[in-house]
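**Student:** With the sequences and hints as input, model every part of the structure.
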Amino acid sequence: MNRILIVQLLICLLTITTHAQKIAETWENEIEVISETEKFDGVVHHAYSTFVYEVTEDALRKLIIDEVKSSANGKVTKKNMIAALEVDIPHIGTDPIGVKAVTNSIMASHAIKVSVAFFHDSLEINPTDFPESDKAATEVMHEMGVMLNRSVVDVQIAGVEKEIANSNKKYESLKKEKAGFEKQIMNGEQKLAELDAHGLKLDAKLIDKQHKEERAKVLGESASADSKDAKKYAKAQKNVMSAERDILKTDQSKLKAQQNIDQGQKGLPLKEQEIAEIELQMNAQNELLAKLNVKYESIK
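Letter by letter, the sequence shown follows residues 1 to 300 of the working numbering.
The set of hints was computed from the structure by calculation and includes no laboratory data.
Treat each hint with caution, since some may be false.
What the hints assert, rightly or not - Below, computed lysine to any residue pairings styled on SDA-like, alpha-carbon distance capped at 20 Å:
#1 217 with 175
#2 176 with 275
#3 113 with 38
#4 232 with 191
#5 170 with 244
#6 176 with 124
#7 135 with 271
#8 100 with 155
#9 212 with 241
#10 235 with 218
#11 176 with 164
#12 176 with 271
#13 170 with 255
#14 291 with 174
#15 169 with 271
#16 235 with 214
#17 175 with 163
#18 183 with 244
#19 191 with 113
#20 162 with 174
#21 170 with 100
Computed from a predicted model, the values in this text were never measured in an experiment.
**Tutor:** Right, here's the structure in full:
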């Protein structure tokens, strides 16, 4: 039976009762189709049933609606639903066959039993009276079971893929932050080295200015204020003060450079730890994704 018929049957399942189960990494069930009697709105009819695992009520409802949308030009309308109910089961006839569907939670196995009954002009049709139709109906339900359970795993896969994408974004962001700290340390060390070299020159310059001041002091201190020697001494004093200010500015710049280095060295190991943690997380996510893909293929 084709996918269209399966989707047509799915439309009956929009009102459902389910039981949640934790997502598993392996699918340890098998697609089962049973022929039995089932109650539909309180009335017992012959039905075919299959089972769906690991899904919640809201998730399965959304899954079914998405399936209907995918085969109905993206629209779930009353007209589309009515049209979809007019299906044919081979060897019963060409007249439209009505479909009723119901779901029941199987608490012991955390499964949802999906049961479908077929009707013609409000009369129940029992496909077991027609071997070929019985086979066709069984195939329909088997394919529905495969599709629904695979779709459930598809949702799990999509969730893990989204987590992986978010982890990749976070990983790239952390690498940029780590590179920022590394650059901060490198620039700080380079600046500090430059300032150290510059500071040595300033120290030598200060010593020279101090020597000149000492020499000028000998005559300048006892000279009159407007004399040449006094002015030379005053200028020498100013030069010493200027050299000392240059050294002070350089020391302040060195302090700032060292603070930048310290900040980078403090932040870098924290980022490295965050990166290591997210790498472990990404490895676990990729392992889970691989298991889920195997799980998907195992549903047959």
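**Student:** Next, verify each hint and record whether it holds.
**Tutor:** The hints, checked one at a time:
In summary, the hint linking residue 217 to residue 175 is not supported, as the alpha carbons are separated by about 61 Å, beyond the 20 Å threshold. This hinted pair checks out: residue 176 and residue 275 have alpha carbons roughly 11 Å apart, not beyond 20 Å. The straight-line distance between the Cα atoms of residue 113 and residue 38 is roughly 11 Å, inside the 20 Å bound, and the hint therefore holds. The suggested pairing of residue 232 with residue 191 is violated, with an alpha-carbon distance near 36 Å, which exceeds 20 Å.
Using a Cα cut-off of 20 Å, the hinted pair residue 170 and residue 244 is violated, with the two alpha carbons roughly 49 Å apart. A distance of roughly 67 Å separates the Cα atoms of residue 176 and residue 124; the hinted pair therefore is violated under the 20 Å criterion. Distance restraint check for residue 135 and residue 271: the Cα-Cα separation of roughly 61 Å exceeds the 20 Å cut-off, and the hinted pair is therefore not satisfied. For the proposed pair residue 100 and residue 155, the alpha carbon gap of about 26 Å is over 20 Å, so the pair is violated.
The straight-line distance between the Cα atoms of residue 212 and residue 241 is roughly 13 Å, inside the 20 Å bound, and the hint therefore holds. Of the pairs offered as hints, the one joining residue 235 and residue 218 holds, with about 14 Å between alpha carbons and a cut-off of 20 Å not exceeded. Proximity of residue 176 to residue 164 is assessed by CA-CA distance (about 18 Å); at most 20 Å being required, the pair is judged to hold. Distance check on the hinted pair: residue 176 and residue 271 sit about 10 Å apart at the alpha-carbon level, within 20 Å; holds.
Restraint check for residue 170 and residue 255: not satisfied, since their Cα atoms lie roughly 33 Å apart, outside the 20 Å limit. Restraint check for residue 291 and residue 174: the C-alpha separation of about 28 Å exceeds 20 Å, so the hint is violated. With a C-alpha separation of about 15 Å, the suggested pairing of residue 169 with residue 271 holds against the 20 Å cut-off. Between residue 235 and residue 214, the direct Cα distance comes to roughly 12 Å. Compliance with the 20 Å bound is thereby established for this hinted pair.
Taken as a hint, the residue 175 and residue 163 pair is honoured in the structure, with Cα atoms around 18 Å apart against an allowance of 20 Å. In summary, the hint linking residue 183 to residue 244 is not supported, as the alpha carbons are separated by about 32 Å, beyond the 20 Å threshold. The hinted pair formed by residue 191 and residue 113 fails the criterion: a straight-line CA distance of about 72 Å is larger than 20 Å. Using a Cα cut-off of 20 Å, the hinted pair residue 162 and residue 174 holds, with the two alpha carbons roughly 18 Å apart.
For the given pair, residue 170 sits about 48 Å from residue 100 by alpha-carbon distance, which is inconsistent with the 20 Å threshold.
Hints 1, 4, 5, 6, 7, 8, 13, 14, 18, 19, 21 from the list above are not met by this structure, while the remaining hints are.
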